[in-house]
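Spelled out, the chains give:
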Amino acid sequence: AQSVSQHNHHVILSEAASLELGCNYSYGGTVNLFWYVQYPGQHLQLLLKYFSGDPLVKGIKGFEAEFIKSKFSFNLRKPSVQWSDTAEYFCAVSSNNAGNMLTFGGGTRLMVKP
Amino acid sequence: DVKVTQSSRYLVKRTGEKVFLECVQDMDHENMFWYRQDPGLGLRLIYFSYDVKMKEKGDIPEGYSVSREKKERFSLILESASTNQTSMYLCASDAWATEAFFGQGTRLTVV
Chain W
1 AQSVSQHNHH
11 VILSEAASLE
21 LGCNYSYGGT
31 VNLFWYVQYP
41 GQHLQLLLKY
51 FSGDPLVKGI
61 KGFEAEFIKS
71 KFSFNLRKPS
81 VQWSDTAEYF
91 CAVSSNNAGN
101 MLTFGGGTRL
111 MVKP
Chain A
1001 DVKVTQSSRY
1011 LVKRTGEKVF
1021 LECVQDMDHE
1031 NMFWYRQDPG
1041 LGLRLIYFSY
1051 DVKMKEKGDI
1061 PEGYSVSREK
1071 KERFSLILES
1081 ASTNQTSMYL
1091 CASDAWATEA
1101 FFGQGTRLTV
1111 V
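Same order as they appear, the protein sequences are chains W and A.
Here this note's numbering is used: position 104 in the first sequence is 104, and no number is missing along the way.
Take the position in the second sequence, starting the count at 1, then add 1000; the result is the number in this note's numbering.
Quick caveat, the hints were computed from the structure, so don't treat them as lab data.
Just so we're clear, the structure is a prediction, and the values are computed from it rather than from any experiment.
Positions of the beta carbon are idealized from the N, C-alpha and C atoms, including for glycine.
Hints may be right or wrong, so weigh each one.
Stated by the list, open to error - With the Cβ distance kept under 8 Å, some of the chain W side facing chain A (calculated, not the full set): (1) L44; (2) K61; (3) G62.
To be verified - Distance condition first, Cα-Cα at most 20 Å in a straight line; then the derived EDC-like pairs of lysine to aspartate or glutamate: (4) A:K1070 with A:E1022; (5) A:K1013 with A:E1079; (6) W:K61 with A:E1099; (7) A:K1053 with A:D1038; (8) A:K1070 with A:D1028; (9) W:K49 with A:E1099; (10) W:K49 with W:E20; (11) W:K58 with W:E20; (12) W:K58 with A:E1099.
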């Protein structure tokens, strides 16, 4: 079955530390890749997306992600986190091989200590 | 500016009741989704619709059904609510190669 895996369920960092959250998927075909963020008590928001072109995509708030097709990965990075980045982060994938079904990973809860 | 609207923010229902969750989008998107969000489990797809009257089961369809009679509206139905269906339910819509837009969520409690 097609799936999206996020390797870290909980991450705790100090401010100014670098962040990398892993995401792997098992789809074939053409994929669209997303990272969403959910701040405490708020709705899901799009951080960044990849459809085609440059595999290194930049999103809002200093986040970026790199699509590595050979590794079926789309890891999220930020060079220096802030306390306000405390949130839950979700990787999501849709594929034309899966009928455009949008599937989410299990989420990574990030806590940034001030 | 509202794009995806869910009919209720909070619902409390009794075990065995039939429950309807409604979702409407105004972006003319082909695809609509129902997810449930539970702590530690992320967003799990219940059902997906890619066109009017078309539906696909997601990862956890048991105990749920859906209806899509019009392009803009996608309903989730709990035929006989049970306590293990207490959860946050999220509706979303998208088109191919666009981001998904989410409703504000419905927090359902089954007592």
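Here's how the hints hold up against the structure:
A least Cβ separation of about 5 Å between W:L44 and chain A falls short of the 8 Å threshold, and the interface hint therefore holds. A least Cβ separation of about 16 Å between W:K61 and chain A goes past the 8 Å threshold, and the interface hint is therefore violated. Against a cut-off of 8 Å between C-beta atoms, the interface hint on W:G62 is violated, since the closest Cβ of chain A lies about 19 Å away. Between A:K1070 and A:E1022 the CA atoms are separated by roughly 12 Å; this keeps the pair inside 20 Å, and the hint holds.
For the suggested pair A:K1013 and A:E1079, the alpha carbons sit about 12 Å apart, so the restraint of at most 20 Å is met. A C-alpha spacing of about 17 Å is found between W:K61 and A:E1099, which places the hinted pair at or below 20 Å, so the restraint holds. A threshold of 20 Å between alpha carbons decides the hint, and for A:K1053 with A:D1038 the separation of about 28 Å lies outside it, so the pair is violated. Straight-line distance between C-alpha atoms of A:K1070 and A:D1028 comes to about 11 Å, which keeps the hinted pair within the 20 Å bound.
The suggested pairing of W:K49 with A:E1099 holds, with an alpha-carbon distance near 7 Å, which does not exceed 20 Å. Of the pairs offered as hints, the one joining W:K49 and W:E20 holds, with about 16 Å between alpha carbons and a cut-off of 20 Å not exceeded. With a CA separation close to 14 Å, the supplied pair W:K58 and W:E20 stays within the 20 Å bound. Among the hinted pairs, W:K58 with A:E1099 is consistent with the structure: their alpha-carbon atoms are about 15 Å apart, no more than 20 Å.
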